[in-house]
Amino acid sequence: MIAAEVVAQLESPSSLLVGSVGSDGVPDATRGWGVQVLGPDRLRVLLSDNADRTLANLADGGRIALTTTHFQTLVSWQLKGRAIAIGPVTAADRIRFDAFCAGCVQILHQTDGTPEEIIWRLAPPGIVACEMVVEQVFDQTPGPEAGARIAPVGAR
Amino acid sequence: MTTDGDGLRLSDIAACFEGIIPAEIATASADGVPNVTHLSRVHLLDDERVVLSNQFFSKTVRNLAENPYGCVVVIDPLTYDSYRLLVQYERTERRGPLFDRMRRDVDAIAALTGMEGVFKLRSADIYRVLDLERVRSAADVSADDAQGS
Chain P
23 MIAAEVVAQL
33 ESPSSLLVGS
43 VGSDGVPDAT
53 RGWGVQVLGP
63 DRLRVLLSDN
73 ADRTLANLAD
83 GGRIALTTTH
93 FQTLVSWQLK
103 GRAIAIGPVT
113 AADRIRFDAF
123 CAGCVQILHQ
133 TDGTPEEIIW
143 RLAPPGIVAC
153 EMVVEQVFDQ
163 TPGPEAGARI
173 APVGAR
Chain H
4 MTTDGDGLRL
14 SDIAACFEGI
24 IPAEIATASA
34 DGVPNVTHLS
44 RVHLLDDERV
54 VLSNQFFSKT
64 VRNLAENPYG
74 CVVVIDPLTY
84 DSYRLLVQYE
94 RTERRGPLFD
104 RMRRDVDAIA
114 ALTGMEGVFK
124 LRSADIYRVL
134 DLERVRSAAD
144 VSADDAQGS
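Protein chains in written order, with this note's numbering: chain P, 23 to 178; chain H, 4 to 152.
These are computed hints drawn from the structure, not numbers from a lab.
Hints are not guaranteed to be accurate.
[What the hints assert, rightly or not] Covered by chain H, according to a simulated footprint, are these stretches of chain P (three or more residues, beta-carbon under 8 Å):
| no. | segment |
| --- | --- |
| 1 | 29-43 |
| 2 | 49-57 |
| 3 | 77-90 |
| 4 | 93-100 |
| 5 | 139-145 |
Note that this is a predicted model, so its numbers are computed, not measured.
Note that beta-carbon positions come from the ideal geometry of N, C-alpha and C, so glycine has one too.
Excised from the complex, chain P in its bound form (with noise of 0.2 Å):
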């Protein structure tokens, strides 16, 4: 189960980081660009459509980790699990990639002034879909608690 807080951070504008690794144990990050909390330990996330590497990283099933950081409070929380399905996106999916990028954007702005224009050039050319088992959830706000486990998710 993730905690109802999580599910809040995850499905608002966050900074939002994926991290994979190859077979070769090279690691590879990129951003999300949106979170759909579909059940107790099962996420839709969305990612670059160019991410090449990681998307190949995730292709049969493996392994990922999540971290989503608020932008102004730094509260953190690092999700790791597996990916079980890539897909091409669906229109509820851009409208919740548009309102993601829209939200970031927008606080990112009030932040430190930076144009919208300027900030919007971030977004990726494309997004597909990753829907991802969660194992579990780290608190990783910074500080010297930053990866201690909150909770297995066990709940499959």
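Using the hints provided, position chain H relative to the given structure of chain P.
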């Protein structure tokens, strides 16, 4: 170091290393479990190496002891262009001019973000950059389309 077709050098993206926009780093344990976290700043050491400030990212440090490869993504604060660096851990410094300079930077970032007493430099970790590439965005694709039309 290899780069993408643009022949990019680390010095070409020096603005990314000013600590204005946090970077990210992914590492992996020996048994293949990835970890991904923010970095307050990546420092440019020379055209082959970068330095990461080790404050408390303990899982990252443990992973790098087992598997020396990491993937770092930095953002240019002026253009918001992203760059992906494949890095390999080289060595750690816990004293000396580099460490002192980085400690001052960490203290400054802590003061700016209200994290005094939380952000504290433990070591300066030096990484060789094996590969550097620009992450293409929607803006790049639009520009390509405009050029092609």
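Cross-check of the supplied hints:
no.: 1; hint: 29-43; in the structure: holds (count 6)
no.: 2; hint: 49-57; in the structure: holds (count 5)
no.: 3; hint: 77-90; in the structure: holds (count 5)
no.: 4; hint: 93-100; in the structure: holds (count 3)
no.: 5; hint: 139-145; in the structure: holds (count 6)
The earlier numbered hints are all upheld by this structure, with none contradicted.
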